[in-house]
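Protein chains: 2
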Amino acid sequence: MINFIVMISGKNYIGNTLSAEGKVTYTTFNPKLNLKNPWTFYEASEEELDKAVKLAKEAFLTYRNTSGPEKAIFLRTIADNIESLGDELIQTYTLESGLPEGRAKGERGRTVGQLRMFADLVEEGSWVDAAIDTAIQDRKPVPKPDLRKMLVPLGPIVVFGSSNFPLAYSTAGGDTASALAAGCPVIVKSHPMHAGTGELVASAIVAAVQACGMPDGVFSNLNSSDIQIGQQLVKHPEVKGVGFTGSIAGGTALYKLAGERKEPIPVFAEMGSINPVVILPSALEKAPELWAKNYAASITLGTGQFCTNPGLILTMEGPGLETFMNLLGQEILEIEAGLMLHPDIHRKYEEGQKIMSGQEGTLVVAEYQEKTPPNYAKQKILGVDGQAFLINPNLHREVFGPFSIVVRCANPEELKNIIAVLEGQLTGTIIGEAAELNVHQDIVAQLREKVGRIIYNGVPTGVEVCTSMVHGGPFPATTDSRFTAVGTEAIRRWVRPISYQDWPDSLLPEALKNNNPLNILRRINGELTKSNVS
Amino acid sequence: MINFIVMISGKNYIGNTLSAEGKVTYTTFNPKLNLKNPWTFYEASEEELDKAVKLAKEAFLTYRNTSGPEKAIFLRTIADNIESLGDELIQTYTLESGLPEGRAKGERGRTVGQLRMFADLVEEGSWVDAAIDTAIQDRKPVPKPDLRKMLVPLGPIVVFGSSNFPLAYSTAGGDTASALAAGCPVIVKSHPMHAGTGELVASAIVAAVQACGMPDGVFSNLNSSDIQIGQQLVKHPEVKGVGFTGSIAGGTALYKLAGERKEPIPVFAEMGSINPVVILPSALEKAPELWAKNYAASITLGTGQFCTNPGLILTMEGPGLETFMNLLGQEILEIEAGLMLHPDIHRKYEEGQKIMSGQEGTLVVAEYQEKTPPNYAKQKILGVDGQAFLINPNLHREVFGPFSIVVRCANPEELKNIIAVLEGQLTGTIIGEAAELNVHQDIVAQLREKVGRIIYNGVPTGVEVCTSMVHGGPFPATTDSRFTAVGTEAIRRWVRPISYQDWPDSLLPEALKNNNPLNILRRINGELTKSNVS
Numbered sequence: 001m002i003n004f005i006v007m008i009s010g011k012n013y014i015g016n017t018l019s020a021e022g023k024v025t026y027t028t029f030n031p032k033l034n035l036k037n038p039w040t041f042y043e044a045s046e047e048e049l050d051k052a053v054k055l056a057k058e059a060f061l062t063y064r065n066t067s068g069p070e071k072a073i074f075l076r077t078i079a080d081n082i083e084s085l086g087d088e089l090i091q092t093y094t095l096e097s098g099l100p101e102g103r104a105k106g107e108r109g110r111t112v113g114q115l116r117m118f119a120d121l122v123e124e125g126s127w128v129d130a131a132i133d134t135a136i137q138d139r140k141p142v143p144k145p146d147l148r149k150m151l152v153p154l155g156p157i158v159v160f161g162s163s164n165f166p167l168a169y170s171t172a173g174g175d176t177a178s179a180l181a182a183g184c185p186v187i188v189k190s191h192p193m194h195a196g197t198g199e200l201v202a203s204a205i206v207a208a209v210q211a212c213g214m215p216d217g218v219f220s221n222l223n224s225s226d227i228q229i230g231q232q233l234v235k236h237p238e239v240k241g242v243g244f245t246g247s248i249a250g251g252t253a254l255y256k257l258a259g260e261r262k263e264p265i266p267v268f269a270e271m272g273s274i275n276p277v278v279i280l281p282s283a284l285e286k287a288p289e290l291w292a293k294n295y296a297a298s299i300t301l302g303t304g305q306f307c308t309n310p311g312l313i314l315t316m317e318g319p320g321l322e323t324f325m326n327l328l329g330q331e332i333l334e335i336e337a338g339l340m341l342h343p344d345i346h347r348k349y350e351e352g353q354k355i356m357s358g359q360e361g362t363l364v365v366a367e368y369q370e371k372t373p374p375n376y377a378k379q380k381i382l383g384v385d386g387q388a389f390l391i392n393p394n395l396h397r398e399v400f401g402p403f404s405i406v407v408r409c410a411n412p413e414e415l416k417n418i419i420a421v422l423e424g425q426l427t428g429t430i431i432g433e434a435a436e437l438n439v440h441q442d443i444v445a446q447l448r449e450k451v452g453r454i455i456y457n458g459v460p461t462g463v464e465v466c467t468s469m470v471h472g473g474p475f476p477a478t479t480d481s482r483f484t485a486v487g488t489e490a491i492r493r494w495v496r497p498i499s500y501q502d503w504p505d506s507l508l509p510e511a512l513k514n515n516n517p518l519n520i521l522r523r524i525n526g527e528l529t530k531s532n533v534s
Numbered sequence: 001m002i003n004f005i006v007m008i009s010g011k012n013y014i015g016n017t018l019s020a021e022g023k024v025t026y027t028t029f030n031p032k033l034n035l036k037n038p039w040t041f042y043e044a045s046e047e048e049l050d051k052a053v054k055l056a057k058e059a060f061l062t063y064r065n066t067s068g069p070e071k072a073i074f075l076r077t078i079a080d081n082i083e084s085l086g087d088e089l090i091q092t093y094t095l096e097s098g099l100p101e102g103r104a105k106g107e108r109g110r111t112v113g114q115l116r117m118f119a120d121l122v123e124e125g126s127w128v129d130a131a132i133d134t135a136i137q138d139r140k141p142v143p144k145p146d147l148r149k150m151l152v153p154l155g156p157i158v159v160f161g162s163s164n165f166p167l168a169y170s171t172a173g174g175d176t177a178s179a180l181a182a183g184c185p186v187i188v189k190s191h192p193m194h195a196g197t198g199e200l201v202a203s204a205i206v207a208a209v210q211a212c213g214m215p216d217g218v219f220s221n222l223n224s225s226d227i228q229i230g231q232q233l234v235k236h237p238e239v240k241g242v243g244f245t246g247s248i249a250g251g252t253a254l255y256k257l258a259g260e261r262k263e264p265i266p267v268f269a270e271m272g273s274i275n276p277v278v279i280l281p282s283a284l285e286k287a288p289e290l291w292a293k294n295y296a297a298s299i300t301l302g303t304g305q306f307c308t309n310p311g312l313i314l315t316m317e318g319p320g321l322e323t324f325m326n327l328l329g330q331e332i333l334e335i336e337a338g339l340m341l342h343p344d345i346h347r348k349y350e351e352g353q354k355i356m357s358g359q360e361g362t363l364v365v366a367e368y369q370e371k372t373p374p375n376y377a378k379q380k381i382l383g384v385d386g387q388a389f390l391i392n393p394n395l396h397r398e399v400f401g402p403f404s405i406v407v408r409c410a411n412p413e414e415l416k417n418i419i420a421v422l423e424g425q426l427t428g429t430i431i432g433e434a435a436e437l438n439v440h441q442d443i444v445a446q447l448r449e450k451v452g453r454i455i456y457n458g459v460p461t462g463v464e465v466c467t468s469m470v471h472g473g474p475f476p477a478t479t480d481s482r483f484t485a486v487g488t489e490a491i492r493r494w495v496r497p498i499s500y501q502d503w504p505d506s507l508l509p510e511a512l513k514n515n516n517p518l519n520i521l522r523r524i525n526g527e528l529t530k531s532n533v534s
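Residue numbers (our numbering), protein chains in the order written: chain A, 1 to 534; chain B, 1 to 534.
Each statement offered as a hint is correct.
Chain A regions said to be covered by chain B (calculated; three or more residues, Cβ under 8 Å):
no. : segment
1   : 127 to 133
2   : 429 to 442
3   : 457 to 463
The hints are simulated quantities; they were obtained by calculation from the structure and are not laboratory data.
Every residue, glycine too, gets a C-beta built ideally from N, C-alpha and C.
Sequences and hints are given; from them, build the entire structure.
And the structure:
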């Protein structure tokens with residue numbers, strides 16, 4: 001582990017070099033104090049951007065051949081260095097996000113955990129999905145060639161930091177960790193709301209690049225307060241893929257931009273989601289307190305600033321419904337109002353929830369009434385009947401913050417029809433007894449088609465980092481439902497298969513050699529095995 | 001096996017029903033006789049198209065839940081039915097393509113082989129990549145949920161038949177077979193050059209749908225002589241993915257169209273490739289006859305109408321080069337001129353090779369001179385020096401037909417620079433001794449970055465159907481290098497992962513249940529196993 005002291009310089013990292021050639025500057029904001037933070041950040045110039053991408057391209061020539069164990073040491077060193085940033089990182093994080101220290105530490109744990117998870121994955125090595133079909137010289141009418149396939153990295157990847165996870169989905173977050181693990185250099189477009197946190201983490205990565213002898217340019221960090229740098233990155237011919245976490249408008253714009261390139265590139269954008277929750281009658285009747293409490297907590301968790309925040313609760317008219325709604329209203333008002341990440345986000349929340357409240361047929365179930373300091377969000381629950389919700393797409397949109405709509409459906413058919421008109425979602429949740437789910441199989445089936453993860457008797461907030469996690473889903477939850485942004489499988493976004501035909505054993509990559517020097521699991525003539533090719 | 005006699009009706013299959021509501025008709029063409037074929041095809045109307053997609057959506061509701069063994073029977077019945085079409089299919093194929101009977105039978109073998117390969121894959125069942133991470137109730141600070149992931153089908157897929165493979169890449173080709181195997185309904189946009197062949201194969205699929213009790217609409221076949229039906233299909237909101245084999249212009253247009261939809265969808269387009277071949281000095285010196293013979297054969301195979309046709313041969317000035325070029329010229333002129341698929345394709349070939357011959361610095365190495373019947377292509381080899389090739393992107397384009405350019409590079413550096421400026425390719429080939437490849441590692445590395453498959457001491461034509469095959473590659477070889485169009489992995493284009501959280505065992509899909517009723521290989525807490533969840 002390296003011990004180093006970092007001062008926030010406000011500069012970009014162009015590879016390992018701090019650089020501030022641009023004239024535009026900006027600051028970050030402390031939402032708690034309602035004041036600017038003290039640092040000045042230098043927006044990357046077009047020349048700096050180009051330099052970063054060209055360095056990344058150059059670095060790719062060696063980094064793509066870096067072994068799994070070497071990449072593992074690199075990723076673990078990044079994790080260690082992030083921990084070594086200690087309190088400076090935690091304090092900067094809280095100053096730039098308004099999020100509490102406990103959250104900062106938890107998110108740091110998740111971030112270093114992800115880096116170490118990918119280190120384990122590439123150290124073990126079987127993730128490259130090696131497959132070998134051996135030759136059959138005497139096959140008729142033509143001989144069968146020897147074919148050997150494995151996954152290889154795409155090239156330089158651009159990662160857009162997210163506003164709501166300054167660590168776990170930003171500079172050294174899941175996109176960066178998975179791309180570096182795959183063998184791709186990364187250029188981060190730093191999120192302007194937490195540029196200081198971003199620079200600190202970038203310094204930890206750069207120190208790891210140097211300590212581990214990785215090529216200069218395998219990582220760069222570009223400051224940017226508006227959309228231009230991001231657009232130029234996506235258009236740069238040497239960029240081969242994009243990871244993004246943010247709004248539907250932002251993600252869709254980048255996706256279209258990437259599709260308009262001379263050479264289109266994949267964009268994995270994780271965007272909006274209202275994470276519908278279906279509460280079946282038994283739960284309303286038998287456990288209204290439990291679910292009211294759980295959902296009041298989930299809706300307000302992190303001041304509602306999670307992509308998996310439950311923004312839509314679908315119920316059916318029946319005995320328990322009034323009680324549940326009353327309890328949910330009571331529970332949510334017992335929670336203190338929460339600080340939001342930034343005045344802009346707070347303003348958008350206020351606008352968003354007002355637009356919702358103005359829609360025909362909506363009633364306020366609960367709204368926080370106490371006076372709050374600046375940038376605090378007043379949590380709010382609306383109620384609406386099924387028909388009014390069904391016909392009004394404005395009500396299907398996400399309000400980013402501690403807000404949710406409870407829909408009272410007349411019957412299961414109406415509830416199912418509502419799910420059918422919803423857009424794609426990260427998650428869907430069903431609450432009820434198993435026997436009840438069996439009765440409502442069509443609702444479950446309809447929900448399953450819309451989501452990347454389907455939850456039983458729980459809350460959508462909380463995204464476990466593991467192989468079985470899908471943090472993704474049909475558009476607009478993401479731009480490509482075939483991938484996940486969280487878990488080991490996230491590495492698949494940045495790789496492609498390549499097949500070697502009749503290649504001499506001595507020149508094959510280690511993963512494909514006859515004697516299996518990496519001791520990885522491979523599919524040889526259809527059988528998964530660690531054996532040699534005989 | 002069903003025995004049935006089919007007459008070509010010229011109608012569309014809207015699900016299981018023959019339909020000809022449109023007013024526009026067209027015919028196919030016999031390039032050998034230079035005459036129209038006798039059948040009249042009815043272009044699908046917009047209403048028929050909409051009906052086909054809506055039926056597909058409806059069929060998806062049941063077909064997505066069809067078990068692996070049931071899908072396997074369905075796929076094998078399609079294969080059997082295609083074989084049952086017997087001579088009528090072979091004759092129609094030859095009448096509509098000008099390709100010889102032997103090729104027709106070989107391609108039929110490949111087509112039914114692919115269907116049976118996917119049948120085996122889904123019958124065995126492990127392809128769904130099931131992963132299970134079990135709960136840890138007492139984990140701190142929060143309990144770990146139970147998460148279980150598997151691959152599920154995307155929904156209705158549109159498949160565009162290709163001109164050059166009336167069977168293996170068309171109606172029941174690899175795209176259709178892999179999509180049906182995945183659990184996706186398929187709507188084929190029939191290729192207008194072999195609509196009769198397409199209808200016969202469609203009838204075999206529809207008979208299988210009926211015999212196996214599959215839902216009506218799981219397959220439709222739409223006739224179309226221009227681009228409109230295809231565009232409308234790609235824009236239809238209920239279509240969830242597209243498979244295409246054809247030109248760069250056609251594929252790119254559809255890709256962009258899909259990206260402009262309200263809900264973008266994945267398009268896997270396999271498009272152009274000139275399949276560069278590097279012949280190193282030792283091969284020119286030691287075996288010029290062998291490689292001249294092999295490449296004369298590969299360039300003219302199927303009248304050069306393969307996507308893996310070697311259109312570019314890169315050499316270095318040296319002792320063996322003149323001999324090789326003379327021999328290649330001689331060998332290729334000893335092969336008889338071949339018939340092309342269609343007058344339009346022949347016309348484009350003539351235009352293309354003329355444009356190439358007019359480029360500065362090119363010399364004719366060999367050109368077939370005998371008089372030929374209509375629609376026969378005269379094979380041609382051009383020579384050009386490295387510098388002239390390097391600076392002229394017009395020379396980097398594909399000429400679809402029996403045409404190739406031999407580039408004489410001054411040195412290895414120039415050869416490497418040429419590979420660096422090439423676009424993405426399906427294949428790259430290196431010919432030489434293993435020790436020589438070691439000397440030219442940078443050339444190999446540069447070539448590897450550009451291709452989906454890299455071949456040693458062979459020819460690129462001939463695409464083995466197996467797990468280790470990659471028939472794909474960086475743009476414009478395909479629109480997404482992360483997937484392959486050939487081999488078992490082609491199924492991944494049409495599926496997405498979904499994760500079940502804390503789901504009751506009785507309601508989980510079979511693939512994810514505790515007791516592993518399908519007896520498939522699953523990743524349980526990181527370990528690949530067929531064991532139960534304990």
